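All chains should be built: construct the whole structure from the sequences, respecting the hints.
Just so you know, the protein sequences line up as chains A and B, in that order. Everything in the first sequence is counted per the numbering used here, starting at 1 for the first residue and increasing by one. Everything in the second sequence is counted per the numbering used here, starting at 1001 for the first residue and increasing by one.
Please note that the accuracy of each hint is not assured.
Claimed, not checked - Covered stretches of chain A (in silico footprint by chain B; criterion: 3 or more residues with CB under 8 angstroms from a CB of chain B, positions within the stretch not fixed):
no., stretch
1, 5 to 17
2, 171 to 180
What the hints assert, rightly or not - Restraint ranges, calculated between C-beta atoms of paired labels, are given here:
no., chain 1, residue 1, chain 2, residue 2, range
3, B, Ser1170, A, Thr53, 48 to 56 angstroms
4, B, Ser1067, A, Glu18, 46 to 54 angstroms
5, B, His1084, A, Glu167, 26 to 34 angstroms
These are computed hints drawn from the structure, not numbers from a lab. All of these numbers come straight from a predicted model, not from anything done at the bench. C-beta: ideal position from N, C-alpha, C; glycine also.
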Amino acid sequence: MKLIVAMRQLPDLVEELELDSSGKDIDREYLTFVSNEWDEQALEEALLLKEATGAEVCVVALDEPDVDSTLYTALAKGADRAVKLTGIPEGWMSTHDRAAILSAWLAEQSYDLIMTGVQAADDLDGQLAAIVAARLGLPHAAVVVRVDAKDGVAVVSQELGGGTAVEAEIRLPAVLGVQTARQPPRYAPITRIRQAMNAGGLEEAPAAVTPGVRPGLRRLFPPQRSGQAEMLEGAPADVAERIIDILRSKGLIDAGA
Amino acid sequence: MGSDVLVLAEHAEGELAESTFELIGKARELASAWGGQTHVAVLGAPRAAGALGGADVVHVVDHPAVSVYSPEAYERCMLSVLEHVQPKLLLLGTTTPGMDLGAALSVLWDAPLAAYAVGLVAEGDAAVATCQIYGGKLMAEVVLESERSIATVIGGSFPPSPGRSGGAGSTCTDEPPDLGDLRTVVRGVKVPEATGVDITAADILVSVGRGIQSRDNLTLVEELAGALGVPLSASRPIIDQGWLPKAHQVGKSGQKVKPRAYLAFGISGAPEHLEGMRDAELIVACNTDAGAPIFDVAHYGTTIDLFDLLPELSARLGG
Ligand SMILES: Cc1cc2nc3c(=O)[nH]c(=O)nc-3n(C[C@H](O)[C@H](O)[C@H](O)COP(=O)(O)OP(=O)(O)OC[C@H]3O[C@@H](n4cnc5c(N)ncnc54)[C@H](O)[C@@H]3O)c2cc1C
Ligand SMILES: Nc1ncnc2c1ncn2[C@@H]1O[C@H](COP(=O)(O)O)[C@@H](O)[C@H]1O
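Next up, the structure:
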């Protein structure tokens, strides 16, 4: 069985995001890029499937800032192959464009299951898994929390609201948008990542970049703060006092507490 | 060119989701601006059509393959309803079905898609969507001006349509499309295990997120919750790590809570989390990042480190 995990880089959301002069993209110059957390979940579930079935795991990513470290980390965790698709335009790219590049590459590969994160923080025009699946004519499922696969069939749990999940059988090949692996993503020791880097082994392939499909993005802007959060300033002890006062004034805790 | 708006109704065992009524209310507003009608597609729950008084036309497609949500069967049914109705705009929730179908139909029905919409207005012939991006840290204004387009809308963005009783203007039962040879077959539905703690019933919730860093550090919030005599709730990453049971998760795929006070520690306020708690009467948030979206819904906020604040709170309440 062959599994392909599509991974990608995103700006670290802990940082402040500023707009560039076009007002249609963020200023990427000083940002740190990190691996999409849901792709890491997809990779973990794929590695667990490998352990259970001996499947081969190949990770693929578009060439974006710091993607090498994500791909080498995947190799260090146990992926068999890592491929970087090069020649990508800089800046924000629609998910439809990403899907077009990935689908063109996938069309040349053999695989049973394609897995990726359920979403990415800049998916303005929909999620990758279903777009790739629709392009390739494959069945798909989003918000997947468990995958078992053998003999050309995957059994997946697809989460709906309130913790309810549908268990479905999907005839392979298929594309899954993974929400959570059945165990937290494993940790790759830095020595192993270094080993993987020294061994090289990152394959490169030119991306088939087609003219972009852009949703009619007019502008980006910071959310209007409803301005209702009153910020409590001072030392921790003072702020703790204020919070307790607030709870007390609403009758939520005893006056004496 | 079409001027109608089509909504996909979501239901669990025939019970319609609140978000469906939010979409219908918005659909009515847009359809009336364009001089069209509001259509609702109901798959697999014919009886639910009776509660869709807000719609002009309800399209019922009934077949055993769509009694429970399944992407492939739903997709085929939606393509057939879209073909029949030819709407200008299709509205879906940013839910599991919406994430599957919005993205796939945008390819298969060949229509641009605006995802994670929280605002939607008619501007002449176009629809303009305001969408959350980067975990709610920025907003994007997207103009949908094609003959056909799709928006997936975050729950709670619009007021629900009042029409819940009485049937729609008209109901038609659409013949299901060919649902033979499906590659996806539902085997069953699982509900989360009860743990004896009902976070939806609590007056106060102490809620914790990834800022807590480790399972061992949970004792800090446990102490505060213990001092207040209230349950602990959490954002999804805490549940996914296995640090708390699923029944304690607040948000889109967890519980929707409306306590009198929600105390959030180390939670960024991703859209999926806000969906579950934004209606709390009082929200107090502690997050070292002053730009965290949780402060958009909080009434009081502090950027003090939770590791400094929690012991101070517990010490004062510990008695
Ligand atoms: C389909 C789907 C469904 C989902 N359903 C849910 C759901 O039901 N519930 C849910 O919660 N999420 C859900 N999510 C996940 C959601 O997108 C976010 O990933 C999640 O809510 C983030 O949790 P968090 O805020 O705890 O973590 P983070 O986003 O990592 O935020 C941690 C925060 O802690 C702050 N922090 C760090 N250190 C400190 C400190 N010392 N003191 C104070 N603050 C600190 C940081 O500034 C940061 O803002 C869902 C996602 C998807 C795709
Ligand atoms: N240096 C490390 N050694 C072992 N586990 C780690 C290390 N760093 C992070 N983790 C684990 O990886 C998971 C995610 O951590 P974080 O990215 O810090 O939220 C948590 O379960 C951590 O305990």
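**Item:** Structure versus earlier hints - violations, ascending order
**Value:** none
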